[in-house]
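Number of protein chains: 4
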Amino acid sequence: MDLTWEIAHLAHVELLTPKLEESARFFTEIMGMSVSSAEGDSIYLRAYDDYEHHTLKLTAHRHAGMGHFAWRTRSADALARRAAAIEATRLGVGWHDGDLGHGKTYQYRTPDGHLSEIYFDTQKYKATDADRSALKNTASKFPGRGMNVRRIDHLNLLTSDVAAFRDFQLKNVGGRLSETIIFENEVKGAWFSVNSKSYDLAVTEDHTGLKGRFHHLTYAVNSREEVLLAADIALENGVFIETGPHKHAVQQTFFLYLYEPGGNRIEIANPTARLILDPDYETIVWNREERMKGQAWGLKTVESFHLRGTPLPEDL
Amino acid sequence: MDLTWEIAHLAHVELLTPKLEESARFFTEIMGMSVSSAEGDSIYLRAYDDYEHHTLKLTAHRHAGMGHFAWRTRSADALARRAAAIEATRLGVGWHDGDLGHGKTYQYRTPDGHLSEIYFDTQKYKATDADRSALKNTASKFPGRGMNVRRIDHLNLLTSDVAAFRDFQLKNVGGRLSETIIFENEVKGAWFSVNSKSYDLAVTEDHTGLKGRFHHLTYAVNSREEVLLAADIALENGVFIETGPHKHAVQQTFFLYLYEPGGNRIEIANPTARLILDPDYETIVWNREERMKGQAWGLKTVESFHLRGTPLPEDL
Amino acid sequence: MDLTWEIAHLAHVELLTPKLEESARFFTEIMGMSVSSAEGDSIYLRAYDDYEHHTLKLTAHRHAGMGHFAWRTRSADALARRAAAIEATRLGVGWHDGDLGHGKTYQYRTPDGHLSEIYFDTQKYKATDADRSALKNTASKFPGRGMNVRRIDHLNLLTSDVAAFRDFQLKNVGGRLSETIIFENEVKGAWFSVNSKSYDLAVTEDHTGLKGRFHHLTYAVNSREEVLLAADIALENGVFIETGPHKHAVQQTFFLYLYEPGGNRIEIANPTARLILDPDYETIVWNREERMKGQAWGLKTVESFHLRGTPLPEDL
Amino acid sequence: MDLTWEIAHLAHVELLTPKLEESARFFTEIMGMSVSSAEGDSIYLRAYDDYEHHTLKLTAHRHAGMGHFAWRTRSADALARRAAAIEATRLGVGWHDGDLGHGKTYQYRTPDGHLSEIYFDTQKYKATDADRSALKNTASKFPGRGMNVRRIDHLNLLTSDVAAFRDFQLKNVGGRLSETIIFENEVKGAWFSVNSKSYDLAVTEDHTGLKGRFHHLTYAVNSREEVLLAADIALENGVFIETGPHKHAVQQTFFLYLYEPGGNRIEIANPTARLILDPDYETIVWNREERMKGQAWGLKTVESFHLRGTPLPEDL
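Protein chains in written order, with my numbering: chain A, 1 to 316; chain B, 1 to 316; chain C, 1 to 316; chain D, 1 to 316.
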């Protein structure tokens, strides 16, 4: 069976933070997101055009990292099929009743140990009088606050074995491999696309050898100019800029990498008008020589980009 | 069966022009497209990141208008299924061997008479030494010429009966209805999406009552700023600007409408970061009162927008 | 004597508003300006890179309109020279001690009766710990709030006699006439530049025949993209958009016209990289035929643009 | 006497190139400039909104470097005053009759030996039918070709003694010092402004100790987005990108540094809406610690930026 279209999109990510309040303030005041709910040690947030209850769950924890991430399937049937397939591997965890904002969910571990889940039933965000957009085709109104991120874009995970992660994803979960980095037969990175976006999940090699770590979560803004504005806002608010703004060679994304107060890496990005509409798109393979050229316009990849993930080694 | 994902994307449009050379010069010099082939009375063109042999076929004709338009299906099986379904209506025309750039094709008429076709086998564009991009994930290099359009975006047709067109499309061809305009139970416009783009085909009522006419073909640029640059380029080159740049309320597209030398309306547009990733997206319905507000920021729709289509009445 | 360089720049404008609090909220929350001081019935505001104490003084009044506007001269000597020249006409009002933020000031009436003033001694804005920019060459930090206007740009006044206003300005106050509209020998509009900006003051004919009215005050943002964002912010916050975004033919400014809650017209604009550096620039003269083409890309000038000024006729 | 306003603007720069034809093709095809004249071993060029005959003179030479640069004074009187003042130093060279495009000119050497000149009489560019802009306030039409640079912006020279250069400039030529870098009392860089632009000439220390070298010449585009487009165009055309796009801390310019085929460094830049309108602007002084932070968003200055100038050491 063709698994390419089983998953609809990346749904949400749970980030762990040792500074819950500061992190929440960063995502709302600086990035322009909104709080949908708060419950126990967790705060649920969404960008202004995210259509679900939340795309980010912030949970207080003694260290930074990722709690779990979730895919929404393209249908209830696709959910059943994917759960069955994953169940048949040693990586299934099992069904649970869901969380705030979504229904019955199947949990599993990636081959590197990241907790993941899939679901179909969801609660769509209903705008209130206070945040209803003047344009009824927008989930809630353009905030005019901070970076004004529009929607969740993609997730990047670190893994000790990219090939194992890739094979598991394509054989059990779904999507296609839009781009990959291979150095002399060793897979260094893999980019998965589950819809017309050129990627929804990226997995890159953890140079420290640690397992199951988080690299970054990305929110999209409407233009490259707004990525530049985001850089100014980061600068003016003491937010650490790791690298960028610049254009990736892989996937061409115009990017800016920040550390949120809890220590997790966040990317603000714009994809321009690039989409992959070709249903039998041939995977782009980058070799060592090509990657040594750095990013699209020549920026060298900063060392921390290959080493830093959360949890930090000292937290493990 | 769920037809939502049967079609992969809008593939190409054949425009008729009484001024073939001038039209070709407009699409290459002004819009920044490239010629893939020329054969007989036709010239085949593509934007720099269109992955197929062509997305535009210009054919010399005594008047402006659309020759045909084509969808690429998501698979060979989907092609067989869609052809069978259309065959079962009175609107099938039949199979042919394809054209430059694509294989076996099933042709049909829309309920309003527009000639249309579907195919799966295609010839992907292979960049030459002269136009290969420095980024291997781009179909050919960024031209740095004129408007630098990136890819075909969508097609807008006029029809004498929007409801009939809509029903035929959704029951036989595929896709979903992302937005629609309904005035007191009368369907005035319908926007169809077949992938994560918010629309690939729009159909609006022909206020003249004519049948089977073409409204506009749209190419996407990477930013709203480039739509503004396109307006300057149109202005400086004597290209008629019908309306824009402005932001549509329906679909939120940032638009600019031009007439190419042959008389067909062309749109230069940027979708910002908007996508519809929700697999069970609920159709947005606009009523009369809402549409009377004009475009997003208040621009009134110009009268010609509802009246002018090609062929012009005097050419029929 | 050459008066071209006597004036340094437009310094500030006092706007009258019947809704002081709502107006103040508009300028701070929507436009992103900051309050420097509040005293009596007035609130003093500045944009983030305005270097003086304020560029906008909002004063409670029973109707909208302009209280006065001010030029800063290029030197103390220039102030003395200009005051003496104006004193020699029938339009001088006299010296006063200044206001919050600036020193000794010479007041006068324009030929149409607008209250105006010139001064040199000023109080430069000193950023506080809370609003100090990370870049020491910026007056205060980029707000990341609403429209993020950078600096005061220009003022547009209505007048019953453009030629009289123009002659008074050039003979007594200073600057050069960068552009003008003349219909069959009748001067319809005049744009004055006092530095490298292409205009700092515009004067256009009041089609109602009223005297001494205000047309609009303009703040500049850093890019045309931010004018588009400003339009979205206006739309989402119920701010009336009169016209735009579009590009002016005269002066080429990319513009957006709004009404602030008090009823005064405000423009959000971006000048792109255009400057007039030529010290003997020849005035651009537009005739009726040229102006009938509308704005740069063809937008017709809305009727209210020629009729509406503040105070409104019913307030006089 | 106050010399601040004696000079109107940077007028033109003569660049030497060992590859005259390739350099000319770069400036026309890639940067979008136009040839005004060609005479002997020189080609004269201008950007689309440069109002004079040329702002760039390319001259064939055995190595890269700068032939000379020129200021236009604000008046004929200012020219006489500046020539007399410079004559009184040991650095005057003398009067000559001018060159294509401008009249009588006074030549001198900067303290570091760069050949420089000042003039007032100039030949303004008259657009032809082929390149006349649809907007009569633009010197010639927007090209829609390559990087579409609008106007000359500034010049950066290397010098063995920044303090000496600065003092000579301010005491004899004119302008004001808008920003400067001082490391423990040693002047490392100086930025001079002669109009409302925040700088027209920058002088930085030559870390090689060589004298009289050229660092870069800058042309302005209308938006930061166009600087990004310029980076794509450079990438696609094999033009070496030294660093950027990024935002300078000093002067805030959004920049991209390229090497033209002859070997000279060219900057494509956008100043956003920043201007210095304050007539008694206080010089911004940057110390070592501040400069160690790199560019505005953290990009480290590439080593070549401090070492590479033209002529290259091997050419001397």
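Note that these hints are calculated values from the structure, not bench results.
Please note that the accuracy of each hint is not assured.
Said to hold, decoys possible - Some chain D residues near chain C, calculated using beta-carbon distances under 8 Å:
1. S133
2. K136
3. R151
4. R224
5. L235
Claimed, not checked - With a straight-line Cα cutoff of 20 Å, these simulated PhoX-like cross-link-like pairs (lysine-lysine) come out:
6. C/K293 with B/K300
7. C/K188 with D/K19
8. B/K211 with A/K136
9. A/K300 with D/K136
10. D/K188 with C/K136
For glycine and all other residues, C-beta sits at the position ideal for the given N, C-alpha and C.
Original post:
Hint numbers the structure violates, sorted upward?
Top reply: The structure conflicts with hints 1, 5, 7, 8 and 9, although it agrees with all the remaining ones.
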